[in-house]
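K.L.:
Sequences listed follow chains A and B, in order. Here our numbering is used: the first residue of the first sequence is 1037, the next is one more, and so on. Here our numbering is used: the first residue of the second sequence is 59, the next is one more, and so on.
These are computed hints drawn from the structure, not numbers from a lab. Check each hint, because a few of them may be wrong.
What the hints assert, rightly or not - Some chain B residues close to chain A (C-beta under 10 Å, calculated; not the full set):
(1) G186
(2) L284
(3) I288
(4) C348
To be verified - For the chain B half of the interface with chain A, some residues (derived, Cβ under 7 Å), not all of them:
(5) P126
(6) W141
(7) F296
These numbers were taken from a predicted model, which means no experiment stands behind them. Every residue gets a Cβ at the ideal spot worked out from N, C-alpha and C, and that includes glycine.
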Amino acid sequence: MTAPVMAPPAPGGVALPRGGRPRRRTTLSRRRTRLGVLMVLPAAVLLGLFFLWPLAQTIRMSFYDWPMLGEHTWVGLANYTSALGDEDFLAAVGFTLRYTLIATPLLFVVALVLALLVRGGSRAARGFQTIFFIPVVIGMAAASYLWMYLFQPDLGPASALGERAGLLDASENLFATFTSALVIVLAMVTWKVVGLQMLLLSSGLQSIPVEVNEAARIDGAGRWQAFRHITLPLLRPTLALVLVFSVAGSLLAFDQFFIMTSGGPNNSTITAVYQTYRTSFIQFELGAGAAMSVLLMVALAAVSALQMLLLRNTDNA
Amino acid sequence: MSATDVSALATPDTTSPREPRRRGRIPRTIGEVRASMPRLAWWVVCLCLAILFLYPLYVMLTQSLKAPAEAAAVPPTMFPQDWSLENYAALADSSSGISLLRSLGNSIGVSLSVTLLTTTVATLAGYGFAKLPFRGSGFLFFLALVAFMVPFQAIITPLFLTLRNLGLLGSLPGLVLVIATFSLPFGLFLMRNTFASLPGSLEEAAMIDGCGTLGAMRRVLLPVALPGVISTALLTFFTAWNEFFATLILLVDQKLYTLPVSLQMLASGQNNQLDWGVMQAGVTVTVVPCVVIYLLLQKYYVSGLLSGAVK
Chain A
1037 MTAPVMAPPA PGGVALPRGG RPRRRTTLSR RRTRLGVLMV LPAAVLLGLF
1087 FLWPLAQTIR MSFYDWPMLG EHTWVGLANY TSALGDEDFL AAVGFTLRYT
1137 LIATPLLFVV ALVLALLVRG GSRAARGFQT IFFIPVVIGM AAASYLWMYL
1187 FQPDLGPASA LGERAGLLDA SENLFATFTS ALVIVLAMVT WKVVGLQMLL
1237 LSSGLQSIPV EVNEAARIDG AGRWQAFRHI TLPLLRPTLA LVLVFSVAGS
1287 LLAFDQFFIM TSGGPNNSTI TAVYQTYRTS FIQFELGAGA AMSVLLMVAL
1337 AAVSALQMLL LRNTDNA
Chain B
59 MSATDVSALA TPDTTSPREP RRRGRIPRTI GEVRASMPRL AWWVVCLCLA
109 ILFLYPLYVM LTQSLKAPAE AAAVPPTMFP QDWSLENYAA LADSSSGISL
159 LRSLGNSIGV SLSVTLLTTT VATLAGYGFA KLPFRGSGFL FFLALVAFMV
209 PFQAIITPLF LTLRNLGLLG SLPGLVLVIA TFSLPFGLFL MRNTFASLPG
259 SLEEAAMIDG CGTLGAMRRV LLPVALPGVI STALLTFFTA WNEFFATLIL
309 LVDQKLYTLP VSLQMLASGQ NNQLDWGVMQ AGVTVTVVPC VVIYLLLQKY
359 YVSGLLSGAV K
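Modelling step: build the complete structure from the supplied sequences, incorporating the hints.
P.N.:
Structure, rendered in structure tokens:
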């Protein structure tokens, strides 16, 4: 697929003896420009066809009544107004926000604890870091099926352990109650993604010069004070990055709820992406789905803008 | 990031694991016992966490290796007594509708194609962006970064229609193109950084020695940039292997399903009777390749992630 692009390389390379010196230089630079265009071309084609075009289409479709089959008609902002007045969509947005507000600090605190535990670079520390990172390479879908099994009523090994510890009743279906279902999903997500944030944070921690902390300690700062007033502020760019990762990831949550709870009980764990999916591919209202997607993109753009702001502030401070 | 930095970091912190003075010695005085407490506590905490992180994987493996009767036992057995490969044999059996063996083949095909496509395209474009700038290339790179920020979940509907118009809907090549496009921005970013960090003198020297621009890239710069290429390939492979949402929507025919989506078919099972032994065998087949590749090529994977994310 990419092979044809390699086909027209300048024949003869640099040493084409035609013309005088200045002439040769211009042909060379022109050839380099052309080569640059050719090398970027496949990427540009892919992004244009499967990113820019669908992106533009999403925005266009959001102004139409667009069934899966049949004619589409212009409806203006109707899709937006009905999305913003749609109880299901608002409930999904509300749940997504709540999920994000719980998941983000949870992931952050666990990741920070892990990062502080594995810093130091001894062999044991590196070994533990490797172990804590393993779930990151597992897909969200596979992880969801695994954790779903862990907490199955009666059959689930984690449920059985929980009963033995006197924490829960193994015969109870934990996915049938909102709170317990959410707790299990959160535990699974933490297990699966916290390693990545740990890695980012620990590389951030390593980039802080030791002298700064030492100086603070010599000046009489306690360990907590040094952490609070030296480490955390210097860690701010990494913190912003980690925060954006988990906020964006949580706002886009789909796989785990689709698989583990199917949006239940009583549609209480349907996320924004899940609702978009249902609108587009179950109710086949593509226009309404597109409007929801646009709203989702706006939310994410706001998050990214916030990240820029946080990063910019560190440069000035 | 150098080794000296790392060891220096550890020194002011007494809870840190690196305390060469005490290593391997049994503490004798009360003072020594007290001084080694933080280290002991560190070990206990880390070991408990490690058990917590590995426990689900242990359950996955053991459950998949239990004989069917034991796999359905209530309460579940902690250690398998009746070892068997029956669950794995059941995966290959297509009489129940789908064969996981086939999905495995699809997964391998899709992941390798995506990896090859993305890595090639990203390496070429990364070089072009870093070393052969032209008018508008800065803007193009900016567009790629925008693609980085926009979740593809948000544009999946028109993507669906685009593929339908191209006649690629529900086909593996269509899926490959879509996943490749969405893993491309990160690859571009990584490869541009990789090539940009190589000194221009390297390329000049190669050209003086008689290489053309392409020759310089292939013979001199590419070998030096190889770690970057491997990182890109690894990250892309994991993304493609684990992709669920796009596969769920863009594929219709069950015969073409990749592993993560096939698990769904196993889960919705025959007459709601779920076989968790077979299911965990399927999960194991999905999970193990990623874990093995990660453990083998950890260095490249981690450095790729960090250079892509932190810069």
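K.L.:
Evaluate each hint against the coordinates.
P.N.:
Hint by hint, here is what the structure shows:
1. For G186(B), the interface hint holds, since its Cβ comes within 10 Å of a Cβ in chain A; the closest pair sits about 3 Å apart.
2. Contact between L284(B) and chain A, as hinted, is not supported at the beta carbon level, the nearest pair being about 18 Å apart and thus beyond 10 Å.
3. Because the smallest distance between the Cβ of I288(B) and any Cβ of chain A comes to about 15 Å, over 10 Å, the interface hint for this residue is violated.
4. At a threshold of 10 Å, the smallest CB-CB gap from C348(B) to chain A is about 4 Å, leaving the interface hint in force.
5. With 7 Å as the threshold, the beta carbon of P126(B) stays out of range of chain A, its nearest partner Cβ sitting at about 13 Å, so the hint is violated.
6. Because the closest C-beta pair between W141(B) and chain A is about 17 Å apart, greater than 7 Å, the hint is violated.
7. Given hint, F296(B) at the interface with chain A, holds; its Cβ is 6 Å from that chain's nearest Cβ, closer than 7 Å.
Hints 2, 3, 5 and 6 from the list above are not met by this structure, while the remaining hints are.
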